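> Protein chains in written order, with the numbering used here: chain A, 9 to 287; chain B, 19 to 227; chain C, 456 to 667.
Since the hints were made in silico from the structure, they are not lab data. These figures come from a predicted structure and were not determined experimentally. There may be inaccurate statements among the hints.
Straight-line distance between alpha carbons at most 25 Å, and here's what the computed SDA-like set of lysine to any residue pairs gives [stated by the list, open to error]:
| # | chain 1 | residue 1 | chain 2 | residue 2 |
| --- | --- | --- | --- | --- |
| 1 | C | Lys648 | C | Ala594 |
| 2 | C | Lys666 | B | Gly125 |
| 3 | C | Lys648 | B | Arg31 |
| 4 | C | Lys666 | B | Ala92 |
| 5 | C | Lys532 | C | Glu508 |
| 6 | A | Lys249 | C | Pro657 |
| 7 | C | Lys648 | B | Val58 |
| 8 | C | Lys666 | B | Thr95 |
| 9 | A | Lys249 | B | Ala108 |
| 10 | A | Lys249 | B | Glu47 |
| 11 | A | Lys135 | B | Thr99 |
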Amino acid sequence: MPDPTTTNLWHPIAACADTPVGTPQRTTLLDTPITYTLHGEGHATAASSSMLPVLIRYGYIWTSLGTPTADLFDIPEYAEPDRRRFNAASVGVHVSAPRAVENFLDMSHFPFVHTGILGAEPHTEVKEYDVETSAERDEVLATRCRFFQPQPSTAADQGAEVEYVYRVPHPNCAVLYKSSVIDENRRDVIGIFVQPVSQERVRAHMLVCVLDDRSDDATIKRFQQTVFGQDKPILENQFPKRLPLDPRAESPVRADRVSIAYRRWLAAKGITYGVIPAA
Amino acid sequence: MSAHAWHPIAAARDLPPRHVFHAKLLGQELAVWRADDGYVNVWENRCLHRGVRLSIGLNEGQELKCQYHGWRYASRTAGCTYIPAHPEGAPARRIANRIFPVIERHGLVWSALETPPDDLQTSLPPDPLVLREIAIDAPAAIVEPLLAAYDPPGHGPRPIFFIQPTDSESCVIRGVIPEPPPTDTLALLRLHDAALCALRDLAEQRPAA
Amino acid sequence: MITFYEDALCENCYAVRLLLHMLAVPYTSHFVELYPSRANLQPWFRAITPLAELPVIDDDGVIIAGAAPILVYLAAKHASGTWYATDTPALAQVTHFLTLAERLSATAGAARRHESGFAPTDLSAAHAGATRVLRGLDAHLWFAEQQSQAWLCPTPHPTVADLACFPHVILCEEGGTSRQPYPALRRWCDRVKRLPGFLVMPGVFLTAPPKT
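Next up, chain A with everything else stripped away, as it sits in the complex (with noise of 0.2 Å):
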C-alpha cells in the first residue's frame, strides 16, 4: 500500500467529457485497478474491490483509495461564467506524479523546451520571485514570478513579460496564475491534476480556465497539447523516475526555490510513493 497521506488523497481519474455516460471504464490508480462509471451530470461511482468515495469537481472524476479527511482544494476562478473551461488533455507519461508537477513549476526551461511559445533565448534569466510554505492553507505558494513569453497564449498576437503565481494544493496538483492579455485584473488559470497510476506512470490531466473571446476551444487545447507534448519527452528522459527529497541528491540553484520547497513539503507529509525518500 503506498503511504498513508497518498492513499487518503482524492486522485483524479477522468475528464467527464471524454466519459462516455453509463459505461463501465477502466483505469489504474496507485497500482490499483478502477472500473468507474459516469451516471449523468455531477454523479459518478467507483469501485476497486469495494466501493470508493467520488466526487466531482472542475470537470473530472475524482476518487480516493483511502478516506480523505479534507475536501478537495478550492479553484474559486472556476465558477466565473465567462471563462473557457475545459480539460486540454488527458495524456500518459512514463514518469513520476511528483516529476510531472515539478516540471510544472518550473520556469527556467521556457526558453529551451517551449521555444518561442512560453519563451526564447536570450530572455533566459529567472528573476527573484518569493515562495512560501502555509501549514494553514497546506500549500506551496510561488508568487512574484515574471518571465517574458513570446507567446504567452492563444488570446494574445505578440509577446509580453508575464506575470505567474505558482501554487500546489495538493502533492500531484498544481496551478498556474499568469496574467491575462484581456483582463489586465484578472489571471488565466491553468491546471495539471495528475493521476499517479503507478509510482513510474502517469495520466496527467490538463485544465484550462482561461480568458479567450478570439479562439475556439480546439485551438486553445491544441496550444495546451503543444506545451505538453514538448514537456513529455523531458520528463519521460528524466532519471530517477521518481522524485529524490534528499537535497544533495540533485543541484538545484536560485532558480529552482519553489522545487526545493516543493520536494520538503513531501517529505514533510510523510509521502514516500513517487519519491525516492531522503536518507
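Go by the hints and put chains B and C onto chain A.
Same frame as chain A, but now just chains B and C:
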C-alpha cells in the same frame, strides 16, 4: 566483466562532430561525444541539475548543452560553465557531471566504470577493419560460447571479437579484422554481418525475421 | 493553395508537414483532432475522404489521403529530380521505405498511442515488430554510410523515403521503444534535423548545428 576493466563502448566512427552517442556499459548509461578538437568525452548520461539524459543534449563543439534548462558543460572536465536562468557570473559552485575514463584506439572507443589500473592491453594493429556492431537482447554469458564457435564465412580471416556487456540482459558484439584483404571490404563486412545477425537470432532464441 | 488536414501530434501528418516546409509550398492548415475527440470521424470529414484518416490534402480540388500518396504527389509535382525518383530502380527503393514507414506506424506508432493512453494494443508484439524494422533500418544506414551515402536511398539528396520514416523513428521512444541500440539510425536522425526547412513537433528536439 568487471567495473575496473576496459570495454569497447563505441566505434570511433560512431562519434561524428556535433553528435551525442548513447552508450551503455554494465547497466550504466553514458553520453559519449567528440569535441571539435577530437577529444572524446564519456560522461554519465544524466545532467546533475534535474537528471535529464545528456544523450538528448546538444554537442556544440566545445560544450554539451542540456536540453532541459540549457546548462552548458565543458569538454574534458564536464564542469558547468553556464546556467541560463542566472546569466550573470559563473555557476555558483563547482558543478561537474560524472566522467569516465576513455581510450580511443584500434578504431574503437574504450571506457570503464572505475579507472582501470593498467592501460588497454590488446594485440590489435592501430587501424583494423571494424565490423558493424551487433546489439543483442541476450546476456554476454549466452553470447560468449556462440561467438567462440563462430565460423568465419567464406574462409576469410577470423575477426577478433569483444563483447560489450551493456547490462545484465543485453550485450554488443564488436568485431574487428586485424589484417583485412585490400579489396572488397564492403563484401567482407556484409558477409560477417549476416553471420553475426544469425548468431544474434540464435542467442535471442527467435527465428530470423 | 493546398488545404492540409492535419493533427498536431500525428506522425504521418508530421511527414507531410516536413515536406511542405522543405519544398516551401504554401498551404492552409485545417486541424482535425484525432485524440481524444476523434474529430476525423465527423460526417463532414468523411465526405472529403471516406477512410476518414489523416493526413489529407486538397490541392485545388485534387484530394489525396495518406502520408505516402501525399509525399509522392508533392515530390513528383514539385521536385521529382531530388525528393522523388527519376528511374525505375529508384522508384522501387523509395516505395520500399514508404512501405516500411507503414510497418513502423503499425508497431512503434501503435506502442506510442498505447502509452499516451489513447489506444489499446498488444504492446509486446508492437515492440517486437518495431525492433525488427528499426534493426533493419539501422543496418541499412550503417552500410549506406560505408558507401558515403547519407540517406535511405542511394541518392545525393534525401527523398520522401527519409521523411516518411523519420517521424516514426524520432517519436518511437514515447512508445517505450528505445533508440539506444541503433547508432546509425541516431546519426541519420541528426542529418534529417539539419535539412533546410526542418521543423520540430512536440516530442522532437533540435540537434546542434553542424561544424562549419
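> For each hint, tell me whether it holds in the structure or not.
Checked hints:
no.: 1; hint: C:Lys648 / C:Ala594; verdict: holds, 20 Å
no.: 2; hint: C:Lys666 / B:Gly125; verdict: holds, 22 Å
no.: 3; hint: C:Lys648 / B:Arg31; verdict: holds, 20 Å
no.: 4; hint: C:Lys666 / B:Ala92; verdict: holds, 17 Å
no.: 5; hint: C:Lys532 / C:Glu508; verdict: holds, 23 Å
no.: 6; hint: A:Lys249 / C:Pro657; verdict: holds, 21 Å
no.: 7; hint: C:Lys648 / B:Val58; verdict: holds, 23 Å
no.: 8; hint: C:Lys666 / B:Thr95; verdict: holds, 21 Å
no.: 9; hint: A:Lys249 / B:Ala108; verdict: violated, 29 Å
no.: 10; hint: A:Lys249 / B:Glu47; verdict: holds, 15 Å
no.: 11; hint: A:Lys135 / B:Thr99; verdict: holds, 20 Å
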